[in-house]
Structure formats: C-alpha cells, structure tokens
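Enquirer: Position chain E against the provided structure of chain H, taking the given hints into account.
Here is how the chains run, residue by residue.
2 protein chains.
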Amino acid sequence: MNREIPYKIYLEENEMPDKWYNVRADMKKKPAPILNPATLQPVGVEDLEPVFCTELAKQELDDTTAYFEIPEEIRNFYRMYRPSPLVRAYCLEEKLQTPAHIYYKFEGNNTSGSHKLNSAIAQAYYAKKQGLKGVTTETGAGQWGTALSMACSYFDLDCQVYMVKCSYEQKPFRREVMRTYGANVTPSPSMNTNVGRKINEEFPGTTGSLGCAISEAVEAATSQEGYRYVLGSVLSQVLLHQSVIGLEAKTALDKYGVKADMIIGCAGGGSNLGGLISPFVGEMLRGEADYQIIAVEPASCPSLTRGKYVYDFCDTGKVCPLAKMYTLGSGFIPSANHAGGLRYHGMSSVVSELYDQGLIEARSVEQTEVFAAAEQFARVEGILPAPESSHAIKVAIDEALKCKETGEAKNIVFGLTGTGYFDMYAYQKFNDGVMSDYIPTDEEIAKSLEKVPKID
Amino acid sequence: MNREIPYKIYLEENEMPDKWYNVRADMKKKPAPILNPATLQPVGVEDLEPVFCTELAKQELDDTTAYFEIPEEIRNFYRMYRPSPLVRAYCLEEKLQTPAHIYYKFEGNNTSGSHKLNSAIAQAYYAKKQGLKGVTTETGAGQWGTALSMACSYFDLDCQVYMVKCSYEQKPFRREVMRTYGANVTPSPSMNTNVGRKINEEFPGTTGSLGCAISEAVEAATSQEGYRYVLGSVLSQVLLHQSVIGLEAKTALDKYGVKADMIIGCAGGGSNLGGLISPFVGEMLRGEADYQIIAVEPASCPSLTRGKYVYDFCDTGKVCPLAKMYTLGSGFIPSANHAGGLRYHGMSSVVSELYDQGLIEARSVEQTEVFAAAEQFARVEGILPAPESSHAIKVAIDEALKCKETGEAKNIVFGLTGTGYFDMYAYQKFNDGVMSDYIPTDEEIAKSLEKVPKID
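Going down the list, the sequences are from chains H and E. Residue numbers for the first sequence follow our numbering, so the first one is 1 and each next one is one higher. Residue numbers for the second sequence follow our numbering, so the first one is 1 and each next one is one higher.
If you are wondering where the hints come from, they were derived from the structure by calculation, not from laboratory data. Treat the hints with care, since some could be wrong.
[Said to hold, decoys possible] Straight line, CA to CA, 27 Å or less: simulated BS3-like cross-link-like pairs of lysine-lysine: (1) E:8 / H:19; (2) E:259 / E:28; (3) H:451 / H:318; (4) E:95 / H:128; (5) E:8 / H:8; (6) H:95 / E:129; (7) E:58 / E:95; (8) H:255 / E:255; (9) H:133 / E:95; (10) E:454 / E:318; (11) H:410 / H:95.
Chain H on its own, in the form it takes in the complex (with noise of 0.2 Å):
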C-alpha cells in the first residue's frame, strides 16, 4: 500500500496556532443572545462578572473579533500536549476495504484523557490574571474535571468540583485523578449548597445529573470571595478555545494538500464539534470552501435531531443566563442505561444556529451500535476511544462503507476527542452482551418540552 502520508501528522511547534478563531465573527446570521433569567434581557459584561471570569465573559459575549490571540502561558502549557496528532486510519482502511481516506484528530494523548483541557487551561490562565483564589464547576463524565483540576494545580488555583453523585459512585478513579492534581471534589447533589439541599430533600437518594451539580456550582462560586464559575462545553468561550482542534486539523492537512470531504464530530454540549469545524465552517461562511459537516449524538439524548429551537435555562436549578438552543428541556435526563457523556439536554448556540442554517447535518446513533464501532476501532488503530468519541467513529465507519458501494475516495476526517480508560465498566457491560439501547419516546420529549419557557 502507498503510504506516502504519515501515520501521524505532527505539526512542529511553529506551526501550532497563535490565535484562537472565533466562528461567530463570520457568521451574517449570528447565534441569539444569552439572556438574564431575571429580566429576560440580553446580558452584557457586567451580569456576567459575578459568575465568571471578566475577560471569559468579554469572550462570551464578542461575536466580531475574529481572532483572538493566545496568551504565550497558554501557548506554553499547550506545546507540553499539543499539537495533537491528524492521524490517517490506514488501518482502519485496510480492514473495511474502502477507497475512502480516513483521517481523525486524536485529542486524547493527555491526562485528562481528551480534548476538554485546551479550555481548562485558558480558563485557568484568565481565573490566575483575575487574582482569584479559585473556580467552581460540575463534571458528568469527569473529562472536564480532570482537566479543570490539572489546569489549576499549573496555575496554583483552588479547584472547587461538583461530579454528578452516579458517576462519582461510578469513577472513583476519575476522582482520585482529580485529588491528584489537588482538586476537591464533591458529590452533587450536595449539602454544601442551597439548591443542592433542595433537592436532595424533594427527590432523596437521587444520583444527581449535569444540570443540578453545574445550580450547585454556580452558587458555590457565588458565595464564595475570590471565586468564579467555569463551564467545559456549550458556551462560545469553550467553542472559541477548542478552534485549537480544527485550526491545527486544517494546517496538517494543508501542509499535505489534502482538501477534507466530509467532517464529523460528537455532539454533546458542542465544544469539540463546534471547536473541530470552526475554521472549515469559516470558509463555508466566506464562501471559499465547501463540506459535509456531521454532527453526531445518542440517540438517548437528541438535541439535535428531535429537540426544538428556543429558549431555555441552561441548568436545572434556573440560576444561569438563557440561550437560544436546541434542547430536549432543561429536566431531561437521558435514561439510566446511557454510558458515557453526551447528556447535556442542550447545545451550544452556535451549533445550534449553524445547524438551524443548514451548514450542518445531525444524526443521532444507539450505543450498542457505537460500542461495536469502538471495539472494532480499537482493535484495529490500537487506541481504545472515549464513548463520547465514538459517536463519530459509528458514523464515519458507515460513511467509509458508503464510499466503498460508491467506489468513492472521500476524505473523511473526524474528531476523536479521547481515550475510554475511564470507562470500562460501559465496555464491561458491552463486552457481557448486557448493554442495551434507549430512545426515548415523542411523548416524553414533548412533556419535557412543555416546561421550556415561552420566549420569543
């Protein structure tokens, strides 16, 4: 076989980007405001200052700049793991006998075990300049909280970690990572917090869920001098960080004058999707370029393909700002046989509005289906993937074999966003045979649909 294209494709360090691309400044249509939940009026700077960091908040809120530099301490902190690697599946081929070319970003050659670190230490960075003493946030999976908790233990910064109370019970190791890197970690719903409180006494022996522990957050980081909140997904920050990803992505396969045909990415809260495509959907929105772009979620959580575009609160508890999104409903919850991420009952609202626009296409897939593609991609690329991950491996695995019908040489790129070393207790599950699917119904969508405010 012709292997002219390396295995690896390793940009040196002074090809790594300086700037950080923000999507939003090309778009003619841009995403809707976040809006305080008080007044229901689009927030500025200063509604944002007591929950987060002011320069992460002027990032929020900035849909013009184009590019934002990176500060060199990032970029420092950056060459430790980065560039990750554009790997070509030649592997992959080979087994499914397929024209196509199959390329994927591995961002899972580090600690926190995925790409959720490239924000982590932004956030970090700009907590540090603000003199704060610390941050608060919520980790389901615990990816974001493992990188939180690294990029603060770098920075000498208190970490403060809510973790969903199942996966807590669940991932012990996860935890003792974070404890590692010096974090403080608590199971969510807690004691410590109102909200917390509240409902642990309206639903008692709950195992929590994202949106609660990201309420108990929130007020942690609120009632405490010197603190702020930070979020690892769905917000334009996070978006804005993970350009990293696809600016990288899109320079290694310049550097080898290959033009992608088709990208595809998991889609949870959107942060390494949106942060994979942003610099190709910037050509798409500047008219230079052309892609089959792909978002994929579970078919248990489906924001996307089967929730409605509006308003709606961000967590449970009420407490953060609104965004315009697809959503299943801030009450949603996907069923208890979900692994893995991938649960936010939203999506981050520039996806959502990219999507709305037609420059997107989602598909939602059922996780026996994505475990088979992980187990078959393991064994053949020799990484093991995140359950998150993939999502897109299940949904560029059938691409290929479209291309192999077609006699078609795509090139198809795609996001494996981490490793799965924290999860196989789902692979046990899968390897047991015991692992079963879960759509949910029209009706519990539209129930769940039905408390989303009514906002136009």
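Expert: Showing chain E alone in chain H's frame:
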C-alpha cells in the same frame, strides 16, 4: 526562558529505526548462557522451540549479531503509536529551579499505557509468521497483558493471559481492556493447569504471584497444539525489541546536538531500562562515549542492590530455563503493601551482566517517596505517571536537585515508561495518606536466597 529545543521532539517517520540493536554483540564478556533446568546445559534453539516461537528463540540465543532488521509489518504497527516523544521537561526544571536539563522518553501514549507494546507486537508477529493459532502469557500489573492483547488482535491470534489473581481482582478495568481486544483472561493460580491446581492445593486462598502465573502460562502453551509462550520482560529478545526506545531517544538527542550526561530508568525485569540504554551502552562498550547510567528499583524488591548474581529459576514452577542474574530467589514475593509492578525476583541477564561489569549503577527507592515524586511530576508536566515509571522520576528529581547545589547544567535523560490511569487505587492510598513502605530484612532475603540452586 529560552526554549529553543521543542517541548516534545518527535522524529519523522523516516527517522524511525528500521533495525533493533542487540547490545550483547558489543559486550566482550557476554551474559552467561541460559541453562536447561533438566540437564543444566546451555540451551539451544531446539530446546526452546517447544516453548518459544522459533524466530524468537534464535533472537534469544544470538549474542553476536548487532542489528536485526525490523520487519515491515512491525514497522507499520510502530507507526500507529511511535515515534514516542522525547520531552524536554521545561516545567519541571522551572519548578525545581535547577540548571539541569531534563528530558524524558515517554512511552505511555498508547492503549497498553506503556512500552510493553514494542515487544508484544514483535512477538505476535513472529507467532503469526510461524502459523501458530495463539500465544499464552502471564501478566501482573496488567500492562504486558494489555499490550499482548492489542498485538494479537492486530494479527488475529488467540491470546490467553494468566493474570495474577490479586491484580485480576484489584484491576477489573485492565481485565476489561484485554477482553475488549479479544483476549481470554484467567486469574492465576487457576484450575486450568497442573501447576495451578497444585499451588491452589498447597496454598488455599493464595492471590498468586508472577512466578506462578509464568509457570501456568508455559504449561498452557506446551499442552495446546499451535500455541507458544511469550514473555514481556527479562528475556534478551525483549531487550532487543525494546532497543527501539533507546535508538529513537539517541536519534532525537543527536538531532538537537544534545549529549546526555546521565540516563535513568526504572528496573523490574529490565526490559525498559535495557531498551533505553542499549545504544548508549553500546557506545560505552565501543569506547566512543561515556554516560552515567542509573537503574532504579523498589526498596521492597531490590534485586540489583541486595540480590546475588547467580543462576536461578525464572519462575516459581521451575519449568523455565535457568538464568544467571541478580536475584532475590525465585520464591521471593514483595510485601503486600507494594503497589504496581517491578516485583520480579530477578533481573534481565543482560542488565545483570552490565551491572556486574560496573557500566550501570543501581539505586533503590521507597514507594511513598516515589508517589510524592509522581504527584509533583504530574502537577507540573501534566502526565500522570505509572508507579513503575515514577521510580525513575524520583531519581531524576534527586539528581536535578544535586545539580542545583553544584550549579552543573547536566543533561538528564530518563525513561517515562507509562501512565498510571489503571493505578488509581494506589494513588488513592497515597492521597489518603495511608500508603506505607516496607524494606525486606537481611534475614528475609538470605532465607529466600537459600533456595537458589547451587550451580557454578
């Protein structure tokens, strides 16, 4: 800070080695031959063939050929996860305020989480080429078993792993990784083999040992048609395959004009250390250069620093050939509080001979200080290291601090063999402050050594 040398030096694919280097070829005094346990005569290929793949048996016994071509299929597999980066530890240097320049060769960026994959893929390749159905092996901490599972799944070979029972129970997730790659994992001692049944009878409720799992795996290989036994450390063939670590490291250093002053590696069976140092020791043996080389072992299993250099059994069941090596006696088992690997009673005969010739120094370190070094490293360099690798980190930090006192800008290179993602149980003990140390008494070691056979 002037950071002209990249944080991570990645070789290009065409700079990767295409030959393994056999350091024995440059040794004037060779390691002592391995002996047939029945006849006490040096073994020939024909003696090893019933147990080992023929090509590997040849490599095992060849102490004159300096270079072995790496077959193309293995080089293609290496390209999926190699070259591994040689990392300049700028952040650790800054934290320690040392004038030393610290480099580490990081072998953890693959799903096995360690360097073990380098030899696993070679051994699986030769098994496949010989037309075998499958291979058997033992695993303790689980890295070798995982690596072999990955390699076998790539070449479509059956893989039977005997996993030390206490690890099988304490590390269910390692087991699941192996199962995901299609391996058959059995807790050892099992009731599958004569030796397993015998040990279970003699020591009811035993949680096993590496030496015992080796005996079971060898019996399983020799009692099934089309199977052979493979081993992940100790053997000279394994050091040969692992020379890829040292060859890459040396090429990367040469590329940037860096001359190492000191090379540090952890040592259990000796495969990582032997592989890392081989090309450097080769230069020493040929009188071309000089290096300070330090083997680091756990104080709880101190074969080099407190063992005897004699012929001993390689396994508890005494079915394997005898090797002359630094040994604590084949019945030696580290105390129960010992975490992680590096628990083999002996040491590679190549490393043993180099140590005996004074080309290598050895130090032993205690595990709480090792975990403290691991945590310090993780917090500044990002990577959460394996307990085994952290032995080398501990001594690298010690040496960098000595440079701080003397003002010397030494180039310190150490091997970071892997990641600790499956060792969080041990990290938890450390985080909870309940980790303890144990140093065997002189009497314990003397008693264990009494059972070593008397061979001149």
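Enquirer: Are the Cα positions of residue 410 of chain H and residue 95 of chain H separated by 27 Å at most?
Expert: Holds, at roughly 17 Å.
Enquirer: Given the hint that residue 451 of chain H pairs with residue 318 of chain H, test it: the Cα-Cα distance must not exceed 27 Å.
Expert: Within the cut-off at roughly 12 Å; holds.
Enquirer: With the threshold set at 27 Å, check whether the alpha-carbon distance from residue 259 of chain E to residue 28 of chain E stays at or below it.
Expert: Within the cut-off at roughly 25 Å; holds.
Enquirer: Is the hinted pair residue 255 of chain H and residue 255 of chain E satisfied, with a Cα-Cα distance of at most 27 Å?
Expert: 22 Å, holds
Enquirer: Holds or violated: residue 8 of chain E with residue 19 of chain H, Cα cutoff 27 Å?
Expert: With Cα atoms ~21 Å apart, residue 8 of chain E and residue 19 of chain H stay inside 27 Å; holds.
Enquirer: Verify the proposed pairing of residue 454 of chain E with residue 318 of chain E, using a straight-line Cα cut of 27 Å.
Expert: The hint holds at about 14 Å.
Enquirer: Does residue 128 of chain H sit within 27 Å of residue 95 of chain E, going by the straight-line distance between their CA atoms?
Expert: Cα-Cα ~18 Å, so holds.
Enquirer: Can the restraint linking residue 58 of chain E and residue 95 of chain E be considered satisfied, given a maximum Cα separation of 27 Å?
Expert: 48 Å, violated
Enquirer: Going straight from one Cα to the other, do residue 133 of chain H and residue 95 of chain E come out at no more than 27 Å?
Expert: Holds - the C-alpha atoms of residue 95 of chain E and residue 133 of chain H are around 20 Å apart, at most 27 Å.
Enquirer: Does residue 8 of chain H lie within 27 Å of residue 8 of chain E when you go C-alpha to C-alpha?
Expert: It holds: about 15 Å lies between the C-alpha atoms, which stays within 27 Å.
Enquirer: Straight-line Cα separation of residue 95 of chain H and residue 129 of chain E no greater than 27 Å?
Expert: 19 Å, holds
When the structure is compared with the earlier hints, a violation turns up for hint 7 alone.
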